[in-house]
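In order, the protein sequences belong to chains A and B. The first sequence begins at 7 in the working numbering and counts up one residue at a time. The second sequence begins at 15 in the working numbering and counts up one residue at a time.
One or more hints might be untrue.
[Claimed, not checked] Pairs of lysine to any residue, SDA-like flavour, derived with a Cα cap of 25 Å:
1. B/K135 to A/K169
2. B/K135 to A/S8
3. B/K343 to B/F22
4. B/K135 to A/A43
[To be verified] Here are some of the chain B residues that sit facing chain A, going by a computed Cβ distance under 10 Å:
5. L111
6. L115
7. L130
8. G134
9. T141
10. A147
11. R150
12. T151
13. V277
14. M284
15. L322
16. G323
Keep in mind the hints are simulated off the structure, nothing from the lab. Idealized CB from N, CA, C, for every residue including glycine.
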Amino acid sequence: MSNRKRILSNIWQKFNSWEGLLFVILIIVFFINSIIAPNYLTVGNQINLFVLYIEKIIVALTMTFLIINGEIDLSAPSIMGLSACTMAYFYSNGMNFGLAILISLLIGVACGAFNGFWVAVVGLNSLIVTLATLIGYRGLARVFVEDRSFGYFPEWFNNLGQKNLIGPFPFALILFFILFIFALIILQYSGFGRRVFVIGNNKDVAQYSGVNVQRVKIQLYIASGLISSLAGLLLAARYGAIRGDTAYGYELEIITMALLGGVNIFGGSGSLYGVFLSILIVLNVRNGLSLAGLSGHFQTGIIGVLLIFSILGPNISKLFKDWNKKHKLFIKPEKIVESNHKEVDQV
Amino acid sequence: MKKILAHFNPEQIRESFLVLLILVFVLFFSTQIPDYFNPRFINRISTSVAVIGILAVGQTLVFLTRNFDLSIGSITGVTAYLVGQQLWYHPGIPPILSVVLAIGIGMLMGAINGVLVAYGKVPSIITTIGTLAIYRTFLVEYSHAVPITTNLLPDWIVNLNQVALFSFHGFEFRVLFGILLLVSIIFQFILRYHRFGRLLYAIGSNPSASQIAGFPDRRIVFQAFLISGGLAGLAGFMYLVRFGNIMVLAGIGLEFSSIAAVVVGGVSNMGGSGTIIGAFLGSLFIDILQNSLYRSLAVSEFWRDAILGMLILLAVAIDYLVIGHLRKKWARTGFQLKSEETSNVK
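Work out the full structure: start from the sequences and follow the hints.
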């Protein structure tokens, strides 16, 4: 009996977290969507859902690292656009395709290192730095492509983006799952990940305890640049053509995915499990809205609401808890937890 | 030396440096572009700076409290569309009422930002990235992609762009530029002498200290966003006057121009320092640069955004490295001057 109670209370504790809330929301979204559309819960639709936004999802992984580290990278979509544009520009000017890809990846690394230099070495606020480079990198992309649109990439490149590689899974999706597991191990089960958290909690304390703050930050920005440029190339492969405004305005969704996943905007806490759940929520909400016949612009607005809610929600619940402590109108669910602790002590 | 230092502050030195920079740029472009100083070009700059300048005033107020307002481009677009639509349906609306309408719509959207930032404790960058998308969505959905065109609007609003208060050898002092000057002067005085302005500086330079001191920090931040929204509404009206054709993408990217103007003008992104004069000079600089690049043959106009981003970065870096150092020096010399004075009195 007591064992069962303990298990129940453990489950309650698990669900009483942000991830639990996300899980419940996800189930509700699934439920509503499957009522609206009968072919919603098919494997094909679920994979298609991922494929439509795969580039944003990949960049959301590095964004999670940066936000946990207490910084932000608003310039990621511009790096995506810039690397896709440079690849298309060099290829259409007669360069070897492999070399063009390599150069555009290097440009991504250089862009990330440039951000990292201003943030970590000079010590400027990352918001304003990446806001400036958000404009600047986009401007550079426009310098390369001007008003034109580039296409006619090699067939294998287009196939990589548009056709399935293994079974029903396209290349980008497999790449995402590999990167996700890789990121999960680094962030949550490695020394580097602990350093990312420590710096996010308190930069000065981390510095004084011997963590090389500068190096970690620059590494993160370089990783962000590299992954963003990779995502830009995947976008080019999927669309088969590139323009100056490729990946314009993606920062909204990328940041929403990270913050809705429970990553603290001030740094120091968050987990990739939560981010994965929030990715699923964002994708399924978008899918549900388009099943309901609402336009892409309307969906963007809803994503904006989700972004604000992901911070406003916890703030309001904290306000409510404080108010509850003062007035004691509602009975708190902490009783179960207390009894659980007692039992553990007796054992 | 100390006496000379006591007469100036770092902001003034920065602003005079900016004036010098504007002159250098103008001289440079006048060698590159034939017939650079003709009155039509100068007049065009004076009207196009009016939109960015008004936005920069609002952005300055928000920047002083250590916040960002990225949604003002969308607010400008929405207001321009809504006011244009009302003037289309009801051509009899008097000019004053339409300006008040524009400011009211802007304030409403600014109030949403303000409530979320000041009372909801959502960081301003997150709030305004979200509302940037939400307001734009509203515009797209509401307008059904039907553009407002000049032939739908009453004549006075189409002609208002050309109306000059007085002119001198073809150089016109246009109404829009007049509004910008008026707004700038009013807000410069408010920031310098009014209680509200001083509170903005106090909250921006040290939020926790001002909270402990009992300043109404939430209300002031809210009001800063409210005014920023209202000014963006006014800028939306000017946008309507200037272009006449309003599409769903109206005003996109104006938030970046305004931030560039403010930051180049020496308003610190860490809050608590900066003036409207600086913001005005910054917007003049950005606008001259943009308009000159359009006409320049040597430099492609596609470099515009790349240069804009670089300028923001440079301005912030200079502000952080040089001006911050100067300010510390000034603070020390000011302290020494005061202690000498008091010792003399004794």
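Going down the list of hints, with the structure as the test:
no.: 1; hint: B/K135 to A/K169; in the structure: 45 Å, violated
no.: 2; hint: B/K135 to A/S8; in the structure: 42 Å, violated
no.: 3; hint: B/K343 to B/F22; in the structure: 12 Å, holds
no.: 4; hint: B/K135 to A/A43; in the structure: 38 Å, violated
no.: 5; hint: L111; in the structure: 30 Å, violated
no.: 6; hint: L115; in the structure: 24 Å, violated
no.: 7; hint: L130; in the structure: 6 Å, holds
no.: 8; hint: G134; in the structure: 5 Å, holds
no.: 9; hint: T141; in the structure: 6 Å, holds
no.: 10; hint: A147; in the structure: 4 Å, holds
no.: 11; hint: R150; in the structure: 8 Å, holds
no.: 12; hint: T151; in the structure: 3 Å, holds
no.: 13; hint: V277; in the structure: 7 Å, holds
no.: 14; hint: M284; in the structure: 7 Å, holds
no.: 15; hint: L322; in the structure: 5 Å, holds
no.: 16; hint: G323; in the structure: 2 Å, holds
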